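Peer 1: Just so you know, the sequences run in chain order E and D. Going by the numbering used here, the first sequence opens with residue 1, and the numbers climb by one from there. Going by the numbering used here, the second sequence opens with residue 1, and the numbers climb by one from there.
One should not assume that every hint holds.
The list that follows gives simulated cross-link-like pairs (lysine-lysine, BS3-like), each with its CA atoms no further than 25 Å apart [unchecked claim]: (1) D:98 x E:2; (2) E:96 x E:159; (3) D:57 x D:40; (4) D:10 x E:159; (5) E:264 x E:185; (6) E:3 x D:96; (7) D:10 x E:96; (8) E:264 x D:304; (9) E:185 x E:159; (10) E:2 x D:96; (11) E:3 x D:98; (12) D:129 x E:37.
Read the hints as simulated data drawn from the structure, not as lab findings. Here the structure is a predicted model, which means the values were calculated and not measured.
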Amino acid sequence: MKKFLIYIFLSVGALLFIVPFYWMVVTSLKPAVEAVKFPPTWIPMAPRPENYIDALKAAPFGRYFLNTLFIAIITTLGVIITSSLAAYAFARMQFKGRDVIFLLFLAMMMVPMPVYIIPGYLILASFGWIDTFYALIVPWIVNVFAIFLLRQHFRTIPKALYDAATIDGCSELGFLWRIAVPLSKPAVVTIAIFSLLASWNSFVWPLVMTNREEIRPVQVGLAYFIQEQSTNYTLLSAASTLVVLPVIILFFFFQRQIIESHMKSGMKE
Amino acid sequence: MKKRICISIKPFLYLLPAIIIVLVFRFFPILYVARVSLFKWGIGGAERFTGFGNYLKALSDPYFWQSLTNTLWYVVFVVPLSIFFSLFIALLLNSKIKRIGFFRTVYFLPVVTSIVAISMVWKWIYHPKIGLSNYTLTFLHFPPQRWLSEWRGIFEIIIGRNLPDVLAGPSLALLSIIIMMVWKGIGYNMVIFLAGLQNIPRNYYEAAEVDGASGFSVFRHITWPLLSSTTFYVLIISTITSFQVFAPVWLMTGPPAGGPLGSTNVLVYHLYDAAFNFSSYGYASAISMILFLIVLTLTIVQRKVVERRVYYE
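Start from the sequences and build out the full structure, keeping to the hints where you can.
Peer 2: Following this line, the structure appears as structure tokens:
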């Protein structure tokens, strides 16, 4: 009986969480006339998948997708490389000021992102980087959380392994790339997924730092599309579904890592 | 001697890329924003040193106070609502049921979904004429609402007459955003609560069962106190994130105005507006600094309390 009640509660809750997604997909498949019908229909009477083609034609979404893909891949590779190097230094090397530098890095995680909007804009403007891919990639190719996570992993690698590798003629960098990083695969995968997801969903930063359509990433493209086509909800829903779909697919495959990385980083978006 | 120099330089080579980026894009901007906040700073750069002029300007700017009040309303509503629902769901999920994975997926889905798409759908749901929300209200025999374009305070709407200033409460437009953001964030807080619940040792519950304690008193005397460090963490993290709200305001009720009669204008929206619509970078920096100080204070409070430990052992 008690179990039954719990299921009822959870299912009603789940319904409330699914309805907006369902509504988006259903609207994306309705003819424009049916979408504005009141009372609304829950299943499209005459499904119109052409909405997707119309949406793709109405704005250069192909371009936006490619831009975001480019930004996401470069950023993620950058994060993995810079974090591995830094984490390795923090975890396995002895040098003066190590702990102070590490603490300073960690302290940077406490600064809220919106505080960076104005100085970030002014600094990038002085570099002449506004409206370029540099503005969207370079500030984000280092991630303190990733350094922290990798450092924890590197510290668990036994010293004996390092000694064995160097006796066999492996250099320090070789040890890092061929042994330490592969051994920390779970952490690297978590960081990669987290970084891809963050790049894909990134909105406020590119909104402020770019204007040109040629380098516009997908979220900003969608946001402007929504403003231009403000009442055309069938097209808006189709475009939004396309933008959301890759993330949902990624989420179903890597659910555990995604939830874990969100929890550890203390980041909501 | 030569060897020693070699050893001391190597770690810095490894750290170099990270240090450069952190210095230029994380550390320096904080100093820079503090500096800019002391100037009248326009499109061409620094115009004139004004000391704390921009801060004084904020204190006498009614839109600043409006944005601060709206932000506080937002925090005061989002944080408790989110904690209540996410804890409730986490407790249900923790009661040894099947399909826990399915429910967790569903509740977490809005967390990973882009705010842009989510705002679009909810704007559509809140549509004053043909939206799902008004459809539901009329179905339940309630009067339809204007949702995102309603500037009247929710307490005014509930009692049906005008109220002065703060008593009116957040506008319905702001409440619409609040509801959406609670919905979006529940999954995140829920998984943290779930992890906290799973850390409570089983034997406490077994002992309570032997003593015949009721469901609520088990929650009151075992779960709640033992979960207090998790709850506190969620409370602080939610508060910090809530102070930074911006995207849904821009997407759902702006631009240009920050909502009907500025009733969804929040701190970050106000600073964005000052910088990119009025080119007052100095003023925008001062607001950034105020936001930074608020968040920093909260973080320090958290550290202090965690040091003293809020949980029983």
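Peer 1: With reference to the structure, classify each hint as holding or not holding.
Peer 2: Consistency of the hints with the structure:
Of the supplied pair hints, the one linking residue 98 of chain D and residue 2 of chain E holds, its CA atoms being roughly 14 Å apart against a limit of 25 Å. Taking the CA atoms of residue 96 of chain E and residue 159 of chain E, the gap is about 21 Å. The hint holds against a cut of 25 Å. Distance check on the hinted pair: residue 57 of chain D and residue 40 of chain D sit about 11 Å apart at the alpha-carbon level, within 25 Å; holds. The hinted pair formed by residue 10 of chain D and residue 159 of chain E meets the criterion: a straight-line CA distance of about 19 Å does not exceed 25 Å.
Between the alpha carbons of residue 264 of chain E and residue 185 of chain E the distance comes to roughly 17 Å, so the proposed pair stays at or under 25 Å and holds. Between residue 3 of chain E and residue 96 of chain D the CA atoms are separated by roughly 9 Å; this keeps the pair inside 25 Å, and the hint holds. A C-alpha spacing of about 12 Å is found between residue 10 of chain D and residue 96 of chain E, which places the hinted pair at or below 25 Å, so the restraint holds. The straight-line distance between the Cα atoms of residue 264 of chain E and residue 304 of chain D is roughly 20 Å, inside the 25 Å bound, and the hint therefore holds.
The straight-line distance between the Cα atoms of residue 185 of chain E and residue 159 of chain E is roughly 18 Å, inside the 25 Å bound, and the hint therefore holds. The suggested pairing of residue 2 of chain E with residue 96 of chain D holds, with an alpha-carbon distance near 12 Å, which does not exceed 25 Å. Between residue 3 of chain E and residue 98 of chain D the alpha-carbon distance is near 10 Å, which keeps this suggested pair within the 25 Å criterion. For the hint pairing residue 129 of chain D with residue 37 of chain E, the CA-to-CA distance comes to about 10 Å; that is within 25 Å, so the pair holds.
In terms of the numbered hints stated before, the structure departs from none.
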